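Residue numbers (this note's numbering), protein chains in the order written: chain A, 1 to 273; chain B, 1 to 335.
Keep in mind that the hints were calculated from the coordinates and are not lab data.
Since this is a predicted model, take the numbers as computed values, not measurements.
Glycine is no exception: its CB is placed at the ideal position from the N, C-alpha and C atoms.
A few of these clues could be false.
Stated by the list, open to error - If you want a taste of the chain B side facing chain A, the calculated C-beta under 8 angstroms gives, among others: (1) E52; (2) G53; (3) G156; (4) M159; (5) R234; (6) G235; (7) L237; (8) A238; (9) E239; (10) K252; (11) M253; (12) D256; (13) L309.
To be verified - Ranges of calculated distance between the beta carbons of each label pair, as one might list FRET restraints: (14) A:G43 x B:A229: 33 to 43 angstroms; (15) A:A21 x B:E52: 50 to 60 angstroms; (16) B:F104 x A:A138: 18 to 28 angstroms; (17) B:V290 x A:R51: 18 to 28 angstroms; (18) A:A138 x B:T184: 49 to 59 angstroms; (19) A:M22 x B:P219: 48 to 58 angstroms; (20) A:G43 x B:L225: 39 to 49 angstroms; (21) B:R109 x A:P236: 49 to 59 angstroms.
What the hints assert, rightly or not - Over the 12 angstroms line for every Cβ pair with chain B, so calculated as not near, a few chain A residues: (22) R5; (23) R19; (24) H23; (25) R26; (26) R47; (27) Q65; (28) L73; (29) G90; (30) R93; (31) P170; (32) A171; (33) A196; (34) R203; (35) R209; (36) R226.
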Amino acid sequence: MSRTRYARSGALRIAYELRGAMHRRRPWLVMIQGMGLDRQGWGPVLRRLRRHFRLVLVDNRGFGQSDRPAGWLAVADMAGDVVAVLDAAGIRRAHVLGASLGGMAAQELAIRHPERVDGLVLACTTPGWPFGYPMPAASVRLLAATAGLPAETARRRHTENALAAGPDRPALVRRLMEVQGSRPPDRAILSAQAVAGSRYAGRFLARIRARTLVLHGGADAVVDPRNGRLLAARIPGARLVTFPGRGHLLFWEDPDGFAAAVASFLLGLRPGS
Amino acid sequence: MDSFSGKLAVVTGGGSGMGRELVRQLATQGCSVAACDLNADAVAETAALAREGAPPGVRVSGHACDVADEAQVLRFRDELLAEHSSDHVDLVFSNAGIGGGGSFVNDRREDWERTFAVDWWGVYYCARAFLPLLIASGDGVLVNTSSVNGFWATLGPGMPNTAYCAAKFAVKGFTEALIEDLRTNAPQVRVAVVMPGHVGTDIVANSMRAHGVLPESGPLSDMQLQRRAELIRRGALAEGATADEMRQMLEKMSTDFRDSAPLSAAGAATIILDGVRSGTWRILVGQDAVGLDGFVRAKPEEAYDYALLASMAAQNAGDASRENPGAAAGGRLIP
Chain A
1 MSRTRYARSG
11 ALRIAYELRG
21 AMHRRRPWLV
31 MIQGMGLDRQ
41 GWGPVLRRLR
51 RHFRLVLVDN
61 RGFGQSDRPA
71 GWLAVADMAG
81 DVVAVLDAAG
91 IRRAHVLGAS
101 LGGMAAQELA
111 IRHPERVDGL
121 VLACTTPGWP
131 FGYPMPAASV
141 RLLAATAGLP
151 AETARRRHTE
161 NALAAGPDRP
171 ALVRRLMEVQ
181 GSRPPDRAIL
191 SAQAVAGSRY
201 AGRFLARIRA
211 RTLVLHGGAD
221 AVVDPRNGRL
231 LAARIPGARL
241 VTFPGRGHLL
251 FWEDPDGFAA
261 AVASFLLGLR
271 PGS
Chain B
1 MDSFSGKLAV
11 VTGGGSGMGR
21 ELVRQLATQG
31 CSVAACDLNA
41 DAVAETAALA
51 REGAPPGVRV
61 SGHACDVADE
71 AQVLRFRDEL
81 LAEHSSDHVD
91 LVFSNAGIGG
101 GGSFVNDRRE
111 DWERTFAVDW
121 WGVYYCARAF
131 LPLLIASGDG
141 VLVNTSSVNG
151 FWATLGPGMP
161 NTAYCAAKFA
171 VKGFTEALIE
181 DLRTNAPQVR
191 VAVVMPGHVG
201 TDIVANSMRA
211 HGVLPESGPL
221 SDMQLQRRAE
231 LIRRGALAEG
241 ATADEMRQML
251 EKMSTDFRDS
261 APLSAAGAAT
271 IILDGVRSGT
281 WRILVGQDAV
291 GLDGFVRAKP
301 EEAYDYALLA
311 SMAAQNAGDA
321 SRENPGAAAG
331 GRLIP
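If we strip away everything but chain B, and leave its shape as in the complex, we get:
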């Protein structure tokens, strides 16, 4: 695919982050886009932004949809075909994703299953719904967003991420398995799997909204009161914390995640689109993702040896240090 101009793309999770930037950059490059998101206002804003930067003739539509609900995915499909007067789509970016349910041991089963549902079943339902339309395109691409957590199943020491990792491994496995299936049975469609590292997005805030944790303005709902009690029990919030304090804490948590990322959402979207254009099926997003992928492939048994990984990260950071992490500790005085 040399150019996106004149095509029609579907982007899930288009309300923010990499999804929003994909929509904007596709529109700028002359591609019509149907974007969906859990948050109808956010995706409407994305559509408005994308239209501003788009050449004439490009149509951008925003749709409310929970990809974890197959009925909503099918409704999204029907809406967009009507709105774009099309009988096919050329590109599908299954980008929507949330976090949560990190600990299988401690976290609530509902949170675990909600994360898994969005991150895995969302990708699956979209593939089911849109594959026939990609086949109808004659030159379709299905782009599924996995993660570094699709090949490396932790966030680091003391930070398990079980629901997200299980779903992202599934996305990667499914997408890779489609390579041969499509080659044999639908050669007019190809797939790509996207594996971002730490990208500056609002996934933390959006995940909290999706799990009903993040209080908007006004009094706390019953569910949020329950969440607050839980946060207090776990020691994440002080005894007697107000709704406002809970909001402040969660918002700060989210902005810190976004602002400390080495790569912006816009930078990530550019890497993804370059990858799709070039025809590759493996799209690693960010130096951290590239480094981690190399390490895990070279030393699969050491994937969860954080000390070894640390030395890899240091080298990727372009550090002058030649510290050998295998060396013994100690050393008395180094002048």
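Looking at chain A on its own, in the form it has when it is part of the complex:
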């Protein structure tokens, strides 16, 4: 792992990391993680993406090595943190990939700071209630039910729920539990993220000017897969790729397919790079 750097966003220090920065001809790709994971949560997809991009991996506020806000956050704050990271790293413009809650932050970034966003990839995300399909009731109940459980039990239940059923699931759950266990977040920041996601309402999607790719797992139990179609329909010119049978953490479930979709879309924007 390369060195941890810090950007200042308001009162908070936001940790980030640059990978492959020496490959000056490769475009920058900023990656914004979703709920419950820090920048280590990208897993096997990183290796594949760094062949094509200089990567900027951000620890969302309250996660990994970023400072913890007082217990409340909004998606707009997360987008502001990414701008702070870009400023600190001296990056004027980058491709932006956000997954789940990070995908909301990526939408917000593209709406509020179009000059910073080159290509946009929105993975397993939603424009938020009431502009998108709500979280499936089973997952809403799971969130409520795990509030009183020990943190590790809660993480395991959510991790299982975020992966499609299949023979690979137990192994993936083990690996994801390890990733999350190395720097476990406190419950307050998890619930702040859940609230941020439930309050986000992306009402200005039509203003997004970035070329956009939408990725969604067809068996996503956390974010209703129909939201992928909504996003693609509402963002001018957006493309949609769905991964039948894959769950919410599709970048763990199908890292090859995920990385190939991202790279071919984003690099297709810049022939010769």
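Since chain A is already given, all that's left is putting chain B on it; use the hints.
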């Protein structure tokens, strides 16, 4: 009522939000106002602001009052009649309201009952106290603030709002029932029910103050220590969070609610006053409220089907999408 000029209006919850803007706009239009609020400093500030913009001869007074306490409402009434040297009032805006007690299952009974008391009993006590004075006006209007939560009883998926909704349904039912009562028994008074959607106000911070949750400066009171422990237990605050962190969190929660609203408090007050002037009894405030009202009336059984509601919201947002939410999920690759 063509004009508010020369009238006397009562506004509850005048310290901030829609109440403050109602006071200011009424005063600008030549209407004297007696405003009350739980927060005496805030309502004094409202009165000062309103006086600045008011034509000569307009009197604006600010009063401390908890509308959930009938004795305080009666005292407010007596104070304002004395201060405005009046024997009647022409308009009453029962606007004061707080949130809290969202979950009947999990939240504290005290919070539930406090919210219900302000939002329902506050409206009721004001109607009791001021109806005779509206009758004495000869051309009185009682304007009760309900909410979209007066006809739609949730804030969305995973966000129950039981105390507030129960009170706001009561306000709407009571106000509508008064239409016939007043028509028969006091035709010189009419009523209007106001149903705002998401408006940019400080209701979140004010509610936390009203429930004793929001710590001002200095050390936490016993009650706030208890609240902090509760917030930590529920996972809303980190283990060992300081008073300052608790304050920061709650304040940010409040400003995010205010700043993400599609309609400002001033815009909402203008809609309310236009409605009262026009003589309508149903005043929906905001495009979100109009859309939700239409949906719930058209498909009452589907009122809590969030997926259908989402498609309605998308259409109201003026979206190009023609996504049919009933359609099956899936689709492989759409180039």
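Here is what the structure says about each hint:
1. E52: violated (33 angstroms)
2. G53: violated (32 angstroms)
3. G156: Nearest chain A Cβ about 5 angstroms off; hint holds.
4. M159: holds (7 angstroms)
5. R234: Since chain A brings a Cβ to about 7 angstroms from B:R234, closer than 8 angstroms, the hint holds.
6. G235: holds (4 angstroms)
7. L237: holds (5 angstroms)
8. A238: With a closest approach of 4 angstroms, the B:A238 hint holds.
9. E239: Constraint on B:E239 satisfied, holds at 6 angstroms.
10. K252: Holds - the Cβ of B:K252 comes within 8 angstroms of chain A, reaching about 5 angstroms at its closest.
11. M253: This interface hint holds because 5 angstroms falls under the 8 angstroms limit.
12. D256: Holds: closest Cβ of chain A sits about 5 angstroms from B:D256, inside 8 angstroms.
13. L309: holds (6 angstroms)
14. A:G43 x B:A229: 33 to 43 angstroms: holds (37 angstroms)
15. A:A21 x B:E52: 50 to 60 angstroms: holds (57 angstroms)
16. B:F104 x A:A138: 18 to 28 angstroms: holds (22 angstroms)
17. B:V290 x A:R51: 18 to 28 angstroms: violated (52 angstroms)
18. A:A138 x B:T184: 49 to 59 angstroms: holds (52 angstroms)
19. A:M22 x B:P219: 48 to 58 angstroms: Given a distance of about 53 angstroms, which is inside 48 to 58 angstroms, the answer is holds.
20. A:G43 x B:L225: 39 to 49 angstroms: holds (42 angstroms)
21. B:R109 x A:P236: 49 to 59 angstroms: holds (51 angstroms)
22. R5: holds (25 angstroms)
23. R19: holds (29 angstroms)
24. H23: holds (30 angstroms)
25. R26: Correct as stated: the minimum Cβ-Cβ distance to chain B is 26 angstroms, above 12 angstroms.
26. R47: Holds: least Cβ distance 25 angstroms, greater than 12 angstroms.
27. Q65: holds (16 angstroms)
28. L73: Not fine: 8 angstroms to the nearest Cβ puts A:L73 too close to chain B.
29. G90: holds (29 angstroms)
30. R93: holds (26 angstroms)
31. P170: Since the minimum Cβ distance to chain B is about 26 angstroms, A:P170 lies beyond 12 angstroms and the statement holds.
32. A171: holds (26 angstroms)
33. A196: violated (9 angstroms)
34. R203: violated (5 angstroms)
35. R209: Since the minimum Cβ distance to chain B is about 15 angstroms, A:R209 lies beyond 12 angstroms and the statement holds.
36. R226: Violated, since 5 angstroms does not exceed 12 angstroms.
Of the numbered hints listed earlier, those contradicted by the structure are 1, 2, 17, 28, 33, 34, 36.
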